[in-house]
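Asker: Here is how the chains run, residue by residue.
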Amino acid sequence: SQQGEEDPQALSIQEGENATMNCSYKTSINNLQWYRQNSGRGLVHLILIRSNEREKHSGRLRVTLDTSKKSSSLLITASRAADTASYFCATDDPTGGGNKLTFGTGTQLKVEL
Amino acid sequence: GAGVSQSPSNKVTEKGKDVELRCDPISGHTALYWYRQRLGQGLEFLIYFQGNSAPDKSGLPSDRFSAERTGESVSTLTIQRTQQEDSAVYLCASSSVGRRGRETQYFGPGTRLLVL
Numbered sequence: 204s205q206q207g208e209e210d211p212q213a214l215s216i217q218e219g220e221n222a223t224m225n226c227s228y229k230t231s232i233n234n235l236q237w238y239r240q241n242s243g244r245g246l247v248h249l250i251l252i253r254s255n256e257r258e259k260h261s262g263r264l265r266v267t268l269d270t271s272k273k274s275s276s277l278l279i280t281a282s283r284a285a286d287t288a289s290y291f292c293a294t295d296d297p298t299g300g301g302n303k304l305t306f307g308t309g310t311q312l313k314v315e316l
Numbered sequence: 002g003a004g005v006s007q008s009p010s011n012k013v014t015e016k017g018k019d020v021e022l023r024c025d026p027i028s029g030h031t032a033l034y035w036y037r038q039r040l041g042q043g044l045e046f047l048i049y050f051q052g053n054s055a056p057d058k059s060g061l062p063s064d065r066f067s068a069e070r071t072g073e074s075v076s077t078l079t080i081q082r083t084q085q086e087d088s089a090v091y092l093c094a095s096s097s098v099g100r101r102g103r104e105t106q107y108f109g110p111g112t113r114l115l116v117l
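Going down the list, the sequences are from chains R and Y.
All letters in the first sequence, in the order written, are residues 204 to 316 by the numbering used here.
All letters in the second sequence, in the order written, are residues 2 to 117 by the numbering used here.
Among the clues, some could well be false.
What the hints assert, rightly or not - Capping the alpha-carbon separation at 20 Å, the derived lysine to aspartate or glutamate pairs in EDC-like fashion look like this:
#, chain 1, residue 1, chain 2, residue 2
1, Y, 58, Y, 73
2, R, 272, R, 210
3, R, 229, Y, 45
4, R, 259, R, 286
5, R, 229, R, 208
6, Y, 58, R, 296
Worth flagging that the hints you see were computed from the coordinates, not collected in a lab.
My request is simple: use the sequences and hints to build the entire structure.
Answerer: Here it is, written out as structure tokens:
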């Protein structure tokens, strides 16, 4: 099963509204990252939150992390049509070697005008 | 500088044929990753290269899949005797070396493989 699982699977909102996506994971982590993917192609890194952090901001993005619940949320405020994309959380494996990331199944966000 | 590049961008092949996918990482990035993404799904880790260390092949789904990397540059992912279930987008990413788990992975645009 996926280490990271996002919900909802799909989200449709109006421009200007806020979008919230959630991610749950199963094992311990060092960090959790959020990535964005347009049109099924390459992913773009959005933000990284460390396991000892609870909240982080970057522009219109706000990420929270609750290690006791093994969950994270990504909030996009004042959404724009250009935010339409798939969003994935990714967790590292502190017990394994290297920097292998495990990605969730993603949330498809559609922002309508 | 230039990002991660992959070629070809699209590949259509017949079942049973071999295919070779190429990835050029960002110059100076010692870590290189291959992922597979089936339609509407998340990314599945395939293989990871880090410098001269033995690659982490734990994600390769079968012995039909193999990958090589020349030093800290180009990597090729080879799929032998392709099957229809191999149809997917194959994504390559690279990252620099730093504190474990904190390196951003930079992704290429992917190769979309269709096995008929």
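Asker: For a quick check of understanding: which of the numbered hints are violated here, in increasing order?
Answerer: Those not satisfied: there are none.
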